[in-house]
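Asker: Using the sequences and the hints, build the whole thing.
2 protein chains.
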Amino acid sequence: MPDKPRILDRKTVAQSRIFRVEALELQFANGALANYERLVGADGGAVLVVPLVDDETVLLIREYAAGREDYELALPKGRIETGEDPLAAANRELMEETGHGARRLSHLTALSIAPGYMSHITQVILAQDLYPQRMPGDEPEEIEVVPWPLAKIDALVEREDFSEARSLAALYLARERLNAGRL
Amino acid sequence: MPDKPRILDRKTVAQSRIFRVEALELQFANGALANYERLVGADGGAVLVVPLVDDETVLLIREYAAGREDYELALPKGRIETGEDPLAAANRELMEETGHGARRLSHLTALSIAPGYMSHITQVILAQDLYPQRMPGDEPEEIEVVPWPLAKIDALVEREDFSEARSLAALYLARERLNAGRL
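Chains F and H are the protein sequences, given in the same order.
Under full-length UniProt numbering, the first residue of the first sequence is numbered 1, with each subsequent residue one higher.
Under full-length UniProt numbering, the first residue of the second sequence is numbered 1, with each subsequent residue one higher.
Please note: incorrect hints may appear among the correct ones.
Said to hold, decoys possible - EDC-like, lysine to aspartate or glutamate: derived pairs with alpha carbons at most 20 Å apart:
id: 1; chain 1: F; residue 1: K4; chain 2: H; residue 2: E141
id: 2; chain 1: H; residue 1: K4; chain 2: F; residue 2: E22
id: 3; chain 1: H; residue 1: K152; chain 2: H; residue 2: E56
id: 4; chain 1: H; residue 1: K4; chain 2: F; residue 2: D70
id: 5; chain 1: F; residue 1: K4; chain 2: H; residue 2: E37
id: 6; chain 1: F; residue 1: K152; chain 2: F; residue 2: D55
id: 7; chain 1: F; residue 1: K152; chain 2: F; residue 2: E69
id: 8; chain 1: F; residue 1: K4; chain 2: F; residue 2: E25
id: 9; chain 1: H; residue 1: K4; chain 2: F; residue 2: E63
id: 10; chain 1: H; residue 1: K4; chain 2: F; residue 2: E139
id: 11; chain 1: H; residue 1: K4; chain 2: F; residue 2: E141
id: 12; chain 1: F; residue 1: K152; chain 2: H; residue 2: E176
id: 13; chain 1: H; residue 1: K4; chain 2: F; residue 2: E160
id: 14; chain 1: F; residue 1: K4; chain 2: H; residue 2: E56
id: 15; chain 1: F; residue 1: K4; chain 2: H; residue 2: E69
id: 16; chain 1: F; residue 1: K4; chain 2: H; residue 2: E176
id: 17; chain 1: F; residue 1: K11; chain 2: F; residue 2: E25
id: 18; chain 1: H; residue 1: K4; chain 2: F; residue 2: E56
id: 19; chain 1: H; residue 1: K152; chain 2: H; residue 2: E69
id: 20; chain 1: H; residue 1: K152; chain 2: F; residue 2: E176
id: 21; chain 1: F; residue 1: K4; chain 2: H; residue 2: D161
id: 22; chain 1: F; residue 1: K11; chain 2: H; residue 2: E69
id: 23; chain 1: H; residue 1: K4; chain 2: F; residue 2: E144
id: 24; chain 1: H; residue 1: K4; chain 2: F; residue 2: E142
id: 25; chain 1: F; residue 1: K4; chain 2: H; residue 2: D138
id: 26; chain 1: F; residue 1: K11; chain 2: H; residue 2: D70
id: 27; chain 1: H; residue 1: K152; chain 2: H; residue 2: E37
id: 28; chain 1: H; residue 1: K11; chain 2: F; residue 2: E69
id: 29; chain 1: F; residue 1: K152; chain 2: F; residue 2: E176
id: 30; chain 1: F; residue 1: K4; chain 2: H; residue 2: D54
id: 31; chain 1: H; residue 1: K152; chain 2: H; residue 2: E176
id: 32; chain 1: F; residue 1: K4; chain 2: H; residue 2: D55
id: 33; chain 1: H; residue 1: K11; chain 2: H; residue 2: E37
id: 34; chain 1: H; residue 1: K11; chain 2: F; residue 2: D70
id: 35; chain 1: F; residue 1: K152; chain 2: F; residue 2: E141
id: 36; chain 1: F; residue 1: K152; chain 2: F; residue 2: E25
id: 37; chain 1: H; residue 1: K4; chain 2: H; residue 2: E25
id: 38; chain 1: F; residue 1: K4; chain 2: H; residue 2: E160
id: 39; chain 1: H; residue 1: K4; chain 2: F; residue 2: D138
id: 40; chain 1: H; residue 1: K4; chain 2: H; residue 2: E37
What the hints contain is simulated information worked out from the structure, not anything from laboratory work.
Answerer: Structure representation (structure tokens):
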């Protein structure tokens, strides 16, 4: 693997309430020059929660996804607040979005979504030993909670309203770890 | 599921060479108002290729990822050019990034990466019956090609330099379909 490219210049070229776009001028180890744009997250990343009701059933949520301009089925997720522990963030999002807390929370992996142009990282957290506990969130309408059998990931892939790569990767990973007796 | 929210206002609030940020003012079916920002892709989406050397081995690539500012291991991928067929785009990216063409290309699924705030969709394409064929790409340095056993997705998840959700989801999906004899 070559040395990392040298960063010759770095500047913010666009900024909105939520997004900041940075332009990078890079020189690769072989001398080649390249200009890239990247999105820089304003936060400490996000959590994605795999909430297990039992060893065979996971809780999905259905909510409006403004990027796709449609309702989407996915695992619960949200931003990690400044200084917040990822496991605590996962439990808070779980309470806000599904009305459940978890007595057992464990870190499965960290996922990027577009490493070529986004700094963003999502921590994937498994939640087990659930109990009813609701916390008010900032959602504009009630979120529908959809229990889904882990054995039916295939059927989920076929659905028009399920598309999110992180949710799919996390479901497969959780199922594999459960089957291997590692959870 | 409620009716989709009404879009009361939509405007571009930031723009760079590659990214456009749109602000949406929405009214949900229950009357609640909400403001969102979303990233609108300038293109027809992307392809992610699962190139199978044989039924047990996939080709990964290692290249510099400007978003993470580090080298990352992932499946080959790239933008679909205007008017380009997704299968043709997959074969072109495969030739540019791994030096192989594929005699058999099939569509596995479509993945979003952040449906809450990005319109982006990636088409996942399985590539089989590979043959040596290189096409020049726009990469600033040579890309390292890394054959990886499909049986070792677990070991990939443990690596610091592998993080991309789409690649992980696509690898699990391809393996599941192969094991089910559906490919």
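Asker: Work down the list of hints and note, for each, if the structure agrees.
Answerer: Each hint tested on the structure:
1. F:K4 <-> H:E141: Given pair K4 (chain F), E141 (chain H) holds - Cα atoms ~11 Å apart, limit 20 Å.
2. H:K4 <-> F:E22: 33 Å, violated
3. H:K152 <-> H:E56: 10 Å, holds
4. H:K4 <-> F:D70: Holds: K4 (chain H) and D70 (chain F) sit about 7 Å apart, inside 20 Å.
5. F:K4 <-> H:E37: 33 Å, violated
6. F:K152 <-> F:D55: Measuring from Cα to Cα gives roughly 13 Å; hence the hint holds.
7. F:K152 <-> F:E69: 26 Å, violated
8. F:K4 <-> F:E25: 13 Å, holds
9. H:K4 <-> F:E63: Distance ~10 Å between K4 (chain H) and E63 (chain F) Cα, so the pair holds.
10. H:K4 <-> F:E139: 15 Å, holds
11. H:K4 <-> F:E141: 11 Å, holds
12. F:K152 <-> H:E176: Given that 20 Å is the threshold and the Cα spacing comes to 12 Å, the pair holds.
13. H:K4 <-> F:E160: Roughly 16 Å between the alpha carbons, so the hint for K4 (chain H) and E160 (chain F) holds.
14. F:K4 <-> H:E56: Status violated; Cα separation ~32 Å.
15. F:K4 <-> H:E69: Satisfied, since the Cα-Cα distance of roughly 8 Å is no more than 20 Å.
16. F:K4 <-> H:E176: 35 Å, violated
17. F:K11 <-> F:E25: 9 Å, holds
18. H:K4 <-> F:E56: 32 Å, violated
19. H:K152 <-> H:E69: Given that 20 Å is the threshold and the Cα spacing comes to 26 Å, the pair is violated.
20. H:K152 <-> F:E176: OK: K152 (chain H) and E176 (chain F) at ~12 Å, within 20 Å.
21. F:K4 <-> H:D161: Satisfied, since the Cα-Cα distance of roughly 13 Å is no more than 20 Å.
22. F:K11 <-> H:E69: Judged against 20 Å, a Cα distance of about 15 Å means the pair holds.
23. H:K4 <-> F:E144: 14 Å, holds
24. H:K4 <-> F:E142: 13 Å, holds
25. F:K4 <-> H:D138: 18 Å, holds
26. F:K11 <-> H:D70: 18 Å, holds
27. H:K152 <-> H:E37: 39 Å, violated
28. H:K11 <-> F:E69: Satisfied, since the Cα-Cα distance of roughly 15 Å is no more than 20 Å.
29. F:K152 <-> F:E176: 13 Å, holds
30. F:K4 <-> H:D54: 32 Å, violated
31. H:K152 <-> H:E176: With Cα atoms ~13 Å apart, K152 (chain H) and E176 (chain H) stay inside 20 Å; holds.
32. F:K4 <-> H:D55: Violated: K4 (chain F) and D55 (chain H) sit about 34 Å apart, past 20 Å.
33. H:K11 <-> H:E37: 10 Å, holds
34. H:K11 <-> F:D70: Status holds; Cα separation ~18 Å.
35. F:K152 <-> F:E141: 28 Å, violated
36. F:K152 <-> F:E25: Violated. K152 (chain F) to E25 (chain F) sits at ~46 Å, over the 20 Å cutoff.
37. H:K4 <-> H:E25: Holds, at about 13 Å.
38. F:K4 <-> H:E160: 16 Å, holds
39. H:K4 <-> F:D138: Since the Cα atoms of K4 (chain H) and D138 (chain F) sit roughly 18 Å apart, the hinted pair holds (cutoff 20 Å).
40. H:K4 <-> H:E37: With Cα atoms ~17 Å apart, K4 (chain H) and E37 (chain H) stay inside 20 Å; holds.
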